[in-house]
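Trainee: Below, each chain spelled out in residue letters.
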Amino acid sequence: DGGITQSPKYLFRKEGQNVTLSCEQNLNHDAMYWYRQDPGQGLRLIYYSQIVNDFQKGDIAEGYSVSREKKESFPLTVTSAQKNPTAFYLCASSIRVGGSTDTQYFGPGTRLTVL
Amino acid sequence: QKEVEQDPGPLSVPEGAIVSLNCTYSNSAFQYFMWYRQYSRKGPELLMYTYSSGNKEDGRFTAQVDKSSKYISLFIRDSQPSDSATYLCAMKGDTSGTYKYIFGTGTRLKVLA
Chain H
32 DGGITQSPKY LFRKEGQNVT LSCEQNLNHD AMYWYRQDPG QGLRLIYYSQ
82 IVNDFQKGDI AEGYSVSREK KESFPLTVTS AQKNPTAFYL CASSIRVGGS
132 TDTQYFGPGT RLTVL
Chain F
141 QKEVEQDPGP LSVPEGAIVS LNCTYSNSAF QYFMWYRQYS RKGPELLMYT
191 YSSGNKEDGR FTAQVDKSSK YISLFIRDSQ PSDSATYLCA MKGDTSGTYK
241 YIFGTGTRLK VLA
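From first to last, the protein sequence lines are chains H and F.
Using my numbering, the first residue of the first sequence is number 32, and each one after it goes up by one.
Using my numbering, the first residue of the second sequence is number 141, and each one after it goes up by one.
Hint data in this document are derived by calculation from the structure and do not stem from the laboratory.
Quick reminder that beta carbons are idealized off the backbone N, C-alpha and C, glycines included.
Wrong hints could be hidden among the right ones.
What the hints assert, rightly or not - These stretches of chain H come out as covered by chain F in the derived footprint (C-beta under 8 angstroms, 3 or more residues):
| # | stretch |
| --- | --- |
| 1 | 64-77 |
| 2 | 137-143 |
Unchecked claim - Cβ pair distances, simulated, as ranges:
| # | chain 1 | residue 1 | chain 2 | residue 2 | range |
| --- | --- | --- | --- | --- | --- |
| 3 | H | 45 | F | 195 | 49 to 59 angstroms |
| 4 | H | 48 | F | 169 | 37 to 47 angstroms |
| 5 | F | 209 | H | 57 | 32 to 42 angstroms |
| 6 | H | 110 | F | 158 | 24 to 34 angstroms |
| 7 | H | 46 | F | 209 | 46 to 56 angstroms |
| 8 | F | 209 | H | 47 | 47 to 57 angstroms |
| 9 | F | 207 | H | 126 | 19 to 29 angstroms |
| 10 | F | 200 | H | 34 | 22 to 32 angstroms |
| 11 | F | 156 | H | 144 | 35 to 45 angstroms |
| 12 | H | 53 | F | 156 | 40 to 50 angstroms |
| 13 | F | 179 | H | 53 | 18 to 28 angstroms |
Kindly generate the complete structure, drawing on both the sequences and the hints.
Mentor: Right under this line is the structure:
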């Protein structure tokens, strides 16, 4: 089955810790994205990557970091600098960024809670 | 003013009803319009993808775009309890570099058996 997987499904973090959320896709998509979803707000873009070894900041990148060493993988690290990290994190991918082929498909999400 | 406005609901309808979900937007550059369905604690699932104005039908779902009014709609015919979910609209522009999707906050729909 082709799709996007995210792990873990639930993650708990103590204040001051860094945590890494996993995102893997086997759709052969070039572009991958990380969003954050909070109650009452639309999805907000954290980072996106158009191709391996390249990534760009989105609207709310502060306190987050990413890497794109493989086409299939786009992990997100939530650092201790992120002041309000409790949220639902969604990874998405598309064939490429821009134009009609930029149809984004989402993974199942990771719910991060800071204790 | 937000770029995309969507009534959060909840919207409760009886089974079999026709449901109308709507979004308004302010940026006339938007050219692509999407509707996603999101079940509780799950990722959004793409339902409809349309380009520019007009209607698009897929089974019980019809997406409608009125660019002159900056208004998009999703109609669900013969609604079922399994349609109970949050529906997100999303849109993006067509000019170079405007890669970014803008999402509505979602409308929560409850279809009562």
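Trainee: State for each hint whether it applies.
Mentor: Hints and how they fare:
1. 64-77: holds (count 5)
2. 137-143: holds (count 5)
3. 45(H) / 195(F): 49 to 59 angstroms: For residue 195(F) against residue 45(H), whose Cβ atoms are near 51 angstroms apart, the range 49 to 59 angstroms holds.
4. 48(H) / 169(F): 37 to 47 angstroms: 41 angstroms, holds
5. 209(F) / 57(H): 32 to 42 angstroms: 41 angstroms, holds
6. 110(H) / 158(F): 24 to 34 angstroms: 47 angstroms, violated
7. 46(H) / 209(F): 46 to 56 angstroms: 47 angstroms, holds
8. 209(F) / 47(H): 47 to 57 angstroms: 50 angstroms, holds
9. 207(F) / 126(H): 19 to 29 angstroms: 25 angstroms, holds
10. 200(F) / 34(H): 22 to 32 angstroms: 24 angstroms, holds
11. 156(F) / 144(H): 35 to 45 angstroms: Roughly 39 angstroms apart at Cβ, these two residues keep to the hinted range, so it holds.
12. 53(H) / 156(F): 40 to 50 angstroms: Given about 42 angstroms between the Cβ atoms, the range holds.
13. 179(F) / 53(H): 18 to 28 angstroms: At roughly 22 angstroms between Cβ atoms, residue 53(H) and residue 179(F) fall inside 18 to 28 angstroms, so the hint holds.
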